[in-house]
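Using the sequences and the accompanying hints, generate a full structural model.
Quick mapping for you: the protein sequence lines, in order, are chains A and B.
Under this note's numbering, think of the first position of the first sequence as 149, with each following residue one higher.
Under this note's numbering, think of the first position of the second sequence as 644, with each following residue one higher.
Derived pair list, reagent style BS3-like, types lysine-lysine, alpha-carbon separation capped at 30 Å:
no.	chain 1	residue 1	chain 2	residue 2
1	B	K1432	A	K380
2	A	K417	B	K1314
3	A	K388	B	K1314
4	B	K1086	A	K417
5	B	K1432	A	K388
6	B	K910	A	K150
Now the stretches of chain B that chain A is said to cover, found in silico as 3 or more residues with beta-carbon under 8 Å:
no.	region
7	917-930
8	1307-1320
9	1366-1377
10	1426-1437
If you want the footprint, here are the derived chain A segments under chain B, 3+ residues with CB under 8 Å:
no.	region
11	150-161
12	327-339
13	391-402
14	409-419
Rather than coming from a laboratory, the hints here were simulated on the basis of the structure.
If you're wondering where the values come from, they're calculated on a predicted model, not measured in any experiment.
For each residue, glycine too, the CB sits at the ideal point set by N, CA and C.
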Amino acid sequence: MKPAAFNYIRAETLDEALDALAEYGEDARVIAGGQSLGPMLNMRLAAPDVLVDIMGLKDLDRIEFADDGAMAAACVTQARFMGRLELRRAQPLLHEAMPWIGHVQTRSRGTICGSLANADPAAELPLLLATVGGAVIAQSKRGQRAIAAADFFQGMFETALGDDELLLAAKFAAPKPSSGVAFREMAERHGDFAIVAAAAVADADGVTLGLGGIDAQPVVTRFDGLLARDAKAALTDHAKTLDPQSDPKADAAYRRRLARELGLETVLKAMERRHAV
Amino acid sequence: MAFRHIGTSPERVEDAALLTGRGRFMDDLPVPAGALHAAILRSPHPHADIRGIDAAAALALPGVAAVVTGEHVKALTRPFLVGVRSPIDHYPIAVDRARYVGEPVAVVLARDRYVAEDAMELIDVDYAPLDAAVDPVQAMDADAPVLHTANGSNLVSERTFDYGDVEQAFAAAAHVVSIETVFPRSLASPIECFGLIAEYDPHEDVYDVLTHFQGPFAIQPVMAMALQVPSSRLRIRTPPDSGGSFGVKQGVAPYAVLMAVAARIAKRPVKWIEDRMEHLTAAGSATNRVSTLEAAVMADGKVTALRWDQIEDVGAYLKAPEPATLYRMHTCMTGAYDIPNLAIRNRVVVTNKTPTGLNRGFGGPQVYFPLEQLMRKIGGVVGRDPLSIIRRNLVAPSRMPYKTPSGGVLDSGDYGALVEQALLEGNFADLENARQRARRAGKLYGIGYAACIEPTISNMGYITTVLSRQERERAGPKGGAQATATVAVDPLGGVNVSISSTPQGQGHRTVIGQVVADALGVAPDVVRVNAELDTGRDPWSIASGNYSCRFAGAVAGAAWRAAGELRTRLARVAAAKFDCPAELFDFRDGKIIHRENANIGIDFKRLAGESHWAAATLPSDLPQALSVTEFWSPDVLQPPDDEDRINGSAAYGFIFDFCGVEIDRMTGQVKIDRYISAHDAGRLLHPAMADGQSQGGFAHGLGAALMEELAYDADGGFLSASLADYPMPTACETPSVQIVHRETASPVTPLGAKGIGEGTTMSAPVCLANAVADALGLEQIDLPLRPAKLAAIIEARRL
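Right under this line is the structure:
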């Protein structure tokens, strides 16, 4: 469990980081908190020639709460984001879900953007971004572009980021007024990646349900005009359309069961909270 | 004698360093000049012939000193000796054929571990994959792939035993109740993995290995014979600290041999630190076992006979001391029950899995899993509550010491009284109400029980029960369990104690300090305990080490006796000095005082000094009063008799557990509402540590029950190589256990203490399984009780 040799660049400025990515492209990996990439390096599941460390870029430690959403720049740790008082009002779904991400120790180093860029199909943050919507900002020497949340996750550990692009910031869209949200997760142990995680946002026109752990990327479904009494049938039908993975921890049938039951519970809870607002 | 320190719970002397991150573990120790770092290339195949190994590219990498393969090792070693003679050759590295995923195939020695791992990727091994034998029952089929061609089949040992009149008991039974269980593999997973530094001195032909090997030191001669040196030329030294073992670090032994040879080949010291993936894959494992158990039962639930059929899967090789997992419990296969008739059929099978070894509980979980599920099932058959079946069958106190049909001597205890005490203190009535309330509310709630014997201080001869009487006669008698301790006084009255119990974090040094302080009437801080062991310098025996819960009973007992002998000698010095009988001196408060005349006395410090400074003035018939080494072996540990009866352990604790669990109807997750674990472990030397052992033993049992499994696919592929794939309970998943104690002093051990470290690991898996089966309305259930499995049952049974 020792990594293969790599060159290490600790970027002092954003330009330095972008230069390195432009030069080394797919042979380089960006490291921020290193909570996923570190073990992958040690197990030699990743063996980049160059590691570009961005944690020295103080400008990228920004958090912004605005009317249209909450923004975390590349170096914002999960713990710092979670600790902001504004989060509860601005992003109630994240406020509820973030304690489920790993442990205090991993959240203290792991970043918001790092988890998104890693795109683990069972991780909470990709599910949350895909569910609430929003965008990420990709930056390279070529320029800056916004990638909509719906287009960002492209498969297991795959995103729309180019080899020379840095995930500069992520923006979680603000919920519609008087939305209700809920999050539920099933994992064998506290802090594990989810077997299935469900995130729901209910607004006046219907419910958005995101499911993690089911497919290679978060599965987000919109149920327009859903009524509570129809939710059970809707989730039963929805679960039948899913084709979850099987592994020693949980087979496809179990994941489908959780998608149906946990999904239903989460949807109903979000609807109930909307009415409570 | 009244104790001042024994039975109290002082802070542990070990903790200041451990809690401030200043423990000295294998990887913290200085490395000898010129040392090379080893990495092990391991087989990715469960079963494959090795047609060739091309290490040229690896050897060409700058920083690589050597690549050691099976061919080199075979040339310098002999196969490991095991208790069962068979034509199976086991070397610490694959020779011509790899037989499990993770078996060492080559060792790279390089200037650091990074380079060694780089080089590993450059080694080209030409494998010809073979079909694998994975399931132990199918492995005995005539057409199963055979691991060791010379053995002809995968069955390496079969023995049957018959005690009492089993046929008659079954013929007379009102009911015959049977159960078949499959017990999965798991691993106790210490936080520190294996590590060692091996050196070879060519001038004196001496191998020297510094490692946290935990014993039993019966394996030291096994290692020496493999290395083809007299055992005096294999020096094993232990580091100051070891980060847990739970039996597992016995498994470092083959690696010690492998790296000793590697050091000889490279002519440089070799350091090797195992990583977690290696550990999960290849360190060892508890055995998986398929058991069929039948009981002859009277109408009232009284069991009169048991008939066992056990198929033990030891993995790819029989690794010493296996098949000890199977035979440790041979002595108490009737559990905590008074059952006069017993038949056993034992088969030991090799499969394409990691070889097994010591793991906390060692054979206990595998036995109690079928036995205690059967007791519950008997309740269902005779129409009684499982608890009443346990009560009906427990060994009565009037029967103590109770001789089991297979020769065990349960030394002491009132099992029924502990059960009643546990039910009372654990508020069992309330638990039954909770179940009723929960079920009325539509919840899946169950109660489970387990009553178990915890054997402590293993008889070194129990493993020979696997041999026939004739084979035993040829091999010579084996029995006993020598524990050793040395107590010495220095010129200023300081007391130095050394023990050969190789602690792995349990706090042995604290407890020995308490024991010796009480024996000599001095303050514990006067006593300094050294638990590092050097087989080239210190007293030790083949029984030395840290296993079978032998510390409290045997090692602390040996220290007590050594200190007692030293006290007797010092009293004689005082007697000569004051011209009065030695028996009249009390040792207390750092003084030696005449019991009837407080004016006569001397400071302990002063008297100890005279033993050093004025040796010439001591009584001429007195042996020195400086240092006493005690070897203690309980005389109840004899070799097996001609009828295959064996008292496998010196003392036997008793455990009674019960619990209430609720199963989440949606997720299938088990939530432990309450868990009560009651123990009679004899005299408790340090009650807080005893509680810690119970709590920790429970955590291991909980892991095995709910989530841990070293899993293989049908082709022998290994599925649990990382902690992401091998979940273990963390603090969040481990509830606090309510611990109940009853102290019945053992008549066998010097201080009346028995072990307590393994009990709850034996009882918890089946106690939880019984509770889950109760909640789901099942007769029985196999482990692990993972949510997906339980959810499928809930769905299938429409609960």
